[in-house]
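Order-wise, the sequence lines are chains F and D.
Take the first sequence: its letters are residues 1 to 322, numbered as in our numbering.
Take the second sequence: its letters are residues 1 to 322, numbered as in our numbering.
It should be emphasised that the hints constitute simulated quantities derived from the structure, not laboratory data.
Treat the hints with care, since some could be wrong.
If several chains are the same, the list does not tell them apart, and a pair holds so long as it fits within one copy or across any two.
[Claimed, not checked] In the DSSO-like style, the derived pairs of lysine-lysine whose C-alpha atoms are separated by at most 27 Å in a straight line are:
#1 K296 <-> K92
#2 K204 <-> K132
#3 K303 <-> K233
#4 K99 <-> K294
#5 K106 <-> K38
#6 K244 <-> K5
#7 K294 <-> K92
#8 K216 <-> K99
#9 K294 <-> K38
#10 K37 <-> K281
#11 K294 <-> K230
#12 K38 <-> K206
#13 K270 <-> K244
#14 K296 <-> K106
#15 K296 <-> K40
#16 K277 <-> K59
#17 K92 <-> K281
#18 K129 <-> K303
2 protein chains.
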Amino acid sequence: MSGKKIAIGIDIGGTGTKYGIVDRDGNVLFSGEMSTKKHKEIEPYIDELYVHLLELIDKAGGIDQIIGVGVGAPNGNFYSGTIEYAPNLPWKGIIPLAKLMSEKFKLPVTLTNDANAAAIGEMMYGAAKGMKDFIMITLGTGVGSGIVANGQLIYGHDGFAGELGHTIVIPDGRIHEGTGKRGSLESYASATGVRLTSLELLEKSKEDSLLRNISKEDLDSKTVYNAAIKGDKLALEIFEYTGKILGLALANAVMFSSPEAIILFGGLTKAGDLILKPTRKSMEDSLIQVFQDKVKILISHLKESDAAILGASALVWENKSN
Amino acid sequence: MSGKKIAIGIDIGGTGTKYGIVDRDGNVLFSGEMSTKKHKEIEPYIDELYVHLLELIDKAGGIDQIIGVGVGAPNGNFYSGTIEYAPNLPWKGIIPLAKLMSEKFKLPVTLTNDANAAAIGEMMYGAAKGMKDFIMITLGTGVGSGIVANGQLIYGHDGFAGELGHTIVIPDGRIHEGTGKRGSLESYASATGVRLTSLELLEKSKEDSLLRNISKEDLDSKTVYNAAIKGDKLALEIFEYTGKILGLALANAVMFSSPEAIILFGGLTKAGDLILKPTRKSMEDSLIQVFQDKVKILISHLKESDAAILGASALVWENKSN
């Protein structure tokens with residue numbers, strides 16, 4: 001298959017799906033985005049995705065140029081090619097995604113957890129180049145993670161390793177609507193988590209805040225950031241609180257696999273030091289001495305619109321059989 | 001070095017040090033134990049250990065028979081051969097243990113975290129034979145862990161991975177005297193942790209209990225067990241409470257590296273179902289669906305007096321340069 005030089009990368013998120021065509025050097029040649037949410041069934045979802053991709057495939061010189069498809073999705077399983085019980089996706093139960101897509105596209109399909117895909121992307125093209133031990137954390141609709149140790153992605157015995165977002169940071173804490181579990185990292189550090197923290201603090205506090213002028217639906221890390229840089233106390237407090245919990249989870253992850261760096265990606269990271277400073281402080285405060293002042297917290301420097309697609313396409317090159 | 005058939009295994013615990021001479025099949029030929037605690041300085045500690053081991057080495061046919069020394073110790077670093085800032089050991093700061101011992105014994109010395117050594121022992125001789133993804137947890141004076149993924153021990157970028165005992169399970173929870181951190185697994189599931197839980201519950205409750213007749217110093221998982229099997233309500237509650245916290249920590253570990261099994265070792269495990277049932281329940285309750293009813297919790301079946309020595313000696317055979 002040495003004549004084939006481009007791969008398809010697809011990133012399935014809770015809200016939207018990003019797709020694109022990528023060359024071996026990590027250039028995203030063509031890309032697009034569609035809604036994940038609106039498809040209650042998997043088949044019409046794949047049909048729509050196929051239609052969009054066919055256009056890009058034609059632009060890129062036809063299907064004969066494509067070596068394979070890499071897909072990153074929440075709860076995506078590398079071993080079985082299935083998405084299983086993903087709390088943030090519209091499709092329930094076990095979805096044989098790789099099989100369905102491979103039948104439709106007539107191409108080999110490699111699936112993994114979206115954060116695992118991101119980790120491979122960072123290792124091939126991004127902030128983790130040359131690292132053998134790092135943890136990738138994606139802070140989006142959900143919170144995902146990909147763990148690399150001894151230079152290898154940790155899949156676990158069943159392919160589901162790396163669900164740091166569902167680890168419990170605050171026992172008996174805030175309930176997660178998708179899983180029914182209380183106090184997981186995702187209930188605090190995801191987009192939904194930041195919104196819930198904002199609503200809670202707005203209700204608890206009597207302080208005036210720019211956030212009081214924003215509708216509930218629009219409260220997210222971006223609107224909170226816009227208020228925080230204007231000095232809004234409540235907005236700053238939201239980042240402090242989120243960072244405290246995120247830092248605690250990072251400390252626990254560090255004491256587990258002792259990575260050289262933690263790479264953060266996603267909406268929340270755009271708040272820069274407003275979120276990084278409390279996160280770093282909380283992490284250092286929670287670490288025992290032997291781990292202190294050693295672990296870098298880095299923000300992914302891949303172009304956000306490309307990173308997810310890049311990571312997913314990197315799966316195709318990683319897959320040694322291609 | 002093919003003529004050499006036996007190895008020395010040394011397990012340094014917070015209270016005592018176990019040492020022995022082991023053949024390649026995992027038979028502990030000779031063994032002994034001495035106090036760790038009484039040596040405030042490292043040099044006289046190594047001197048005493050040397051004197052004891054010399055006797056065993058003579059019995060085993062002399063130093064020419066010995067291929068090397070494997071040492072398991074809290075905060076032991078595989079890469080540097082140092083013990084660094086071990087909260088449960090009498091020696092503070094960074095101790096170049098492998099170097100000091102190698103100079104004294106004139107033998108190659110391989111050091112690692114005590115729980116990593118135990119994990120290698122379980123993989124070579126015990127409950128984890130044939131497993132590629134498992135977590136070993138030692139419940140002793142401290143709580144240690146060794147994580148195996150993709151068939152390899154996870155050392156992390158600096159050799160300190162596997163400090164599950166110091167991960168924070170109850171934010172702002174019970175203080176750990178050694179680390180100054182609050183709410184770590186070790187503050188609850190170690191020998192000291194069980195004693196503190198017992199004291200707390202005895203003080204809080206007005207209920208009569210067999211434990212009220214036991215001196216504070218003698219309150220440990222064994223005395224609590226003896227009361228619990230007689231139906232003592234408070235003793236049962238101590239195991240329930242400890243299991244709840246341990247199970248939560250196990251769930252977080254499972255969602256991180258998705259092991260096939262968790263292997264427990266140490267004093268607390270002797271309470272059998274009294275500790276296992278609440279631990280398992282709490283773990284399953286905390287896991288998201290994709291991990292439920294999959295992960296075995298196993299008790300190490302290596303003879304306790306031998307297991308630590310076996311694990312440490314297994315390091316010598318694992319070390320490919322020997």
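Hints versus structure:
| no. | hint | result |
| --- | --- | --- |
| 1 | K296 <-> K92 | between (37 Å within a copy, 26 Å between copies) |
| 2 | K204 <-> K132 | neither (44 Å within a copy, 49 Å between copies) |
| 3 | K303 <-> K233 | neither (31 Å within a copy, 59 Å between copies) |
| 4 | K99 <-> K294 | between (43 Å within a copy, 24 Å between copies) |
| 5 | K106 <-> K38 | within (25 Å within a copy, 70 Å between copies) |
| 6 | K244 <-> K5 | neither (45 Å within a copy, 53 Å between copies) |
| 7 | K294 <-> K92 | between (41 Å within a copy, 19 Å between copies) |
| 8 | K216 <-> K99 | neither (40 Å within a copy, 62 Å between copies) |
| 9 | K294 <-> K38 | neither (44 Å within a copy, 33 Å between copies) |
| 10 | K37 <-> K281 | neither (36 Å within a copy, 34 Å between copies) |
| 11 | K294 <-> K230 | neither (33 Å within a copy, 50 Å between copies) |
| 12 | K38 <-> K206 | neither (38 Å within a copy, 58 Å between copies) |
| 13 | K270 <-> K244 | within (17 Å within a copy, 38 Å between copies) |
| 14 | K296 <-> K106 | neither (42 Å within a copy, 39 Å between copies) |
| 15 | K296 <-> K40 | neither (40 Å within a copy, 35 Å between copies) |
| 16 | K277 <-> K59 | neither (44 Å within a copy, 60 Å between copies) |
| 17 | K92 <-> K281 | between (38 Å within a copy, 25 Å between copies) |
| 18 | K129 <-> K303 | within (16 Å within a copy, 45 Å between copies) |
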